[in-house]
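**Student:** Below, each chain spelled out in residue letters.
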Amino acid sequence: MKASRFAYHAPSTLAEALALLAEHGDSAKVLAGGQSLIPMLAMRLAVFDHLVDLGRIPELAGIDHQGDTVRIGAATTHTAVESSVDLARTVPLLARAAPLIGHFQIRNRGTVGGAIAHADPAAEFPAVALALDAQLETVSPRGARTIPAEKFFLGTWSTALADDEILTAVNFPAWRGRTGHAVEELARRHGDFAIAGAVVAVELDGDDRVRRCGIGLLGLGSTPERATAAEQAVTGTAAGEIDPVEVGRAAMSTLQSVPADLHGSADYRRRVGAAMVTRAWQRALREAHDG
Amino acid sequence: MDEVQIRLRVNGLERRGRVEPRLTLADFLREHCHLTGTHLGCEHGVCGACTVLLDGAAVRACLVLAVQAEGREVTTIEGLGTPENLSPVQVAFQENHGLQCGFCTPGFVVSVTALLRDNPDPTDEEIRAGLSGNICRCTGYQGIFKAVRAAAGNTP
Numbered sequence: 001m002k003a004s005r006f007a008y009h010a011p012s013t014l015a016e017a018l019a020l021l022a023e024h025g026d027s028a029k030v031l032a033g034g035q036s037l038i039p040m041l042a043m044r045l046a047v048f049d050h051l052v053d054l055g056r057i058p059e060l061a062g063i064d065h066q067g068d069t070v071r072i073g074a075a076t077t078h079t080a081v082e083s084s085v086d087l088a089r090t091v092p093l094l095a096r097a098a099p100l101i102g103h104f105q106i107r108n109r110g111t112v113g114g115a116i117a118h119a120d121p122a123a124e125f126p127a128v129a130l131a132l133d134a135q136l137e138t139v140s141p142r143g144a145r146t147i148p149a150e151k152f153f154l155g156t157w158s159t160a161l162a163d164d165e166i167l168t169a170v171n172f173p174a175w176r177g178r179t180g181h182a183v184e185e186l187a188r189r190h191g192d193f194a195i196a197g198a199v200v201a202v203e204l205d206g207d208d209r210v211r212r213c214g215i216g217l218l219g220l221g222s223t224p225e226r227a228t229a230a231e232q233a234v235t236g237t238a239a240g241e242i243d244p245v246e247v248g249r250a251a252m253s254t255l256q257s258v259p260a261d262l263h264g265s266a267d268y269r270r271r272v273g274a275a276m277v278t279r280a281w282q283r284a285l286r287e288a289h290d291g
Numbered sequence: 001m002d003e004v005q006i007r008l009r010v011n012g013l014e015r016r017g018r019v020e021p022r023l024t025l026a027d028f029l030r031e032h033c034h035l036t037g038t039h040l041g042c043e044h045g046v047c048g049a050c051t052v053l054l055d056g057a058a059v060r061a062c063l064v065l066a067v068q069a070e071g072r073e074v075t076t077i078e079g080l081g082t083p084e085n086l087s088p089v090q091v092a093f094q095e096n097h098g099l100q101c102g103f104c105t106p107g108f109v110v111s112v113t114a115l116l117r118d119n120p121d122p123t124d125e126e127i128r129a130g131l132s133g134n135i136c137r138c139t140g141y142q143g144i145f146k147a148v149r150a151a152a153g154n155t156p
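So the protein sequences, as listed, match chains A and B.
When you line the first sequence up against our numbering, it's residues 1 to 291, in that order.
When you line the second sequence up against our numbering, it's residues 1 to 156, in that order.
Bear in mind the hints are in silico, worked out from the structure with no lab data behind them.
Incorrect hints may appear among the rest.
Here are a few chain B residues that face chain A, going by a calculated C-beta distance under 10 angstroms [said to hold, decoys possible]:
#1 P21
#2 V59
#3 L63
#4 Q68
Taking beta-carbon pairs under 10 angstroms as the criterion, some of the chain A residues facing chain B (in silico) [to be verified]:
#5 A42
#6 A46
#7 A88
Built from N, CA and C at the ideal position, the CB exists for glycine as well.
Chain B with its partners taken away, still in its complex shape (with noise of 0.2 angstroms):
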């Protein structure tokens, strides 16, 4: 089938590319913008590890497709901070044991970000609801949930 030229904006960069149909926003982020950060687990939606924002929302960027993102706004873990500075909900993680192997972080850190900003001070009940949505197999649930309760204090 045709490919697609198609133009939109990851981590405030113009990304251009001919793609597939097929090929999700996730494939697209990884293997034509190199940025490695959003990680694929289960690709059908289920374990949350591929999270980033379109357009400010939290969304599966293997349950989108490339070409669905065409003119939209993508932030990945890459555009929330950097090894050097790190954004508040990544020092939480770090600092309250939210983290073992690493796999899932990049989406929960991402779906936390999109949770706070809507959300500054979430419930103990609207924490977990919030992480339902992403996969630990470190079952790391629990510092995940300091984490965020720590971050919900931290930003702004």
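Same shape as in the complex, but just chain A (with noise of 0.2 angstroms):
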């Protein structure tokens, strides 16, 4: 359990970091909280000769609130993402996924933006960034872009991001009206990688007519997943019409690769997912009924 050598690169500025990607190219890796990347070099699952580190970035954290949009900058912990008044008001899934990181001590450390680079199909934020149509900042050589969440995931581990872009910050927006939010996920332990999970945003009209809809899923394919299908069946039907386990089974629908391994069959996942996205609709949509 000792990582392969390797040079340790502290920047102060994002051009800094920017500059050491660009002259190392695919042998640097950026190191951001560090609670996957440094497991996995622990284990030699990754081998890179540069780790730059963006720990030392100060404008990299923070939140802030601007209109109907929350920047989160991406070395924001997810300590901070859990404690922020702010957060639980305006984006209540970031803060209600928050608890469901690993242990405290892992979440004193990880981030959001590392937890989403990183791009693990289990992982709680990424599912949330795809419900809520994130928008993802980036800086590269080549200057800034804004990546869609939907664009964003390609793989498991794998993302749009180039070896010289580094994210720096997630716009998510802020849901406003009769809304309501829920996070369900099954897992062995709590702490533990989800076997599969639900994360379920939804707005109702003044007639309790479902005025859109989120659902992202977690654990159920190489990437996290987006319940397009389940979100299209629901919109625009009054809220009492809709059957919540009808709710599950669409999302379940579409999914084209549901991981199988020693913790369930992919059948398994498949009834874990649909429960889940059942008891995260009926909680979301009583949160949006009741206020």
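Take the two lone chains, each set in its own frame, and fit them into one complex as the hints suggest.
**Tutor:** Structure representation (structure tokens):
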């Protein structure tokens, strides 16, 4: 459990970090909170000649609420998300997903940007980013760009980020009005990776019809997934006429490659996933209805 | 690869060292500072035996590189109490059968110290969630839980 050798760089500005990545190309890796990368290095699942630590770049951390958008700096820790009074109100899915990530010792180091850039299909924040149409800000030597969450996750641990590109911030929309939010997941023990889970945001109009709905799935594919078919089925429908079990079933209907491992077969995961969607849907709807 | 000069404070004392970047904070504490109270179980962030405080926050010392701790303040189990003067959490573990073999104990004590500092009056559920990041293979969890309950009543 010892990593192979690498050189360590601790730039104090984003420009310096970009220059280092440009110089070292794919032999370099960005180090954020390190709660996934360091164990992968220790187990030698990953080997890099250079680590570029973003931990000493102050401009990367912080939560900034402007209008209907909440901008979260990539280096903001899970603990900061969990304890943010503003986020609990503006982006409840993040605040409610955060306590499910690992244990508090992990959350003290792990970062929002790190979790999203790592792109583990069973992680919570990538599913939240998908469900809410988050916009991801990046920089590279070619300039800054914004990547929609739906175009970001390409495969397990694989994203649209280039080798020399850094995720700098994630913009989440703050849903207003009659909204409800819920996160449900099944893990063998608290803090373990979920076997399957769902995050649901829903907004009702004045007549109790579903105005909009976002459903993100975790642990049910090679990437976090979005249950588009289920979202479309409920949108515009009177909330009271929607069968929660059917929402869960619809959310599973379009999944292409449900993983199977010693924690459960693909079939088991689909059943768990459907149940998690149903539960999260019911809780989110109740919250939207009761306020 | 080139070694790096680092300087940090450990239990109030300044420590310097020349380290390979791949050296974890846990190995730095044990091998360079000879503070062997920080135990290493899994070395990949699962067991919690190596938990220390980094600028006051409980972290896994096996998931922090020593170079990342440059300029920071680290508190290990040795900084929380001594055999002659145990910390309130250590007393509670002793009095409530919160340890058997003792291997996991430093990690538990450091985690619980941070937990009770941030939440002095936790619910039973909060205690269990707070303990979930540390593994005890003697299966002493009920005693550990009782120790936290007791310590919560005794810490100021």
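**Student:** Each hint: holds or not?
**Tutor:** Hint by hint, here is what the structure shows:
no. : hint : result
1   : P21  : 3 angstroms, holds
2   : V59  : 5 angstroms, holds
3   : L63  : 5 angstroms, holds
4   : Q68  : 6 angstroms, holds
5   : A42  : 5 angstroms, holds
6   : A46  : 12 angstroms, violated
7   : A88  : 17 angstroms, violated
In summary, the structure is inconsistent with hints 6, 7 from the numbered list given earlier, while agreeing with the others.
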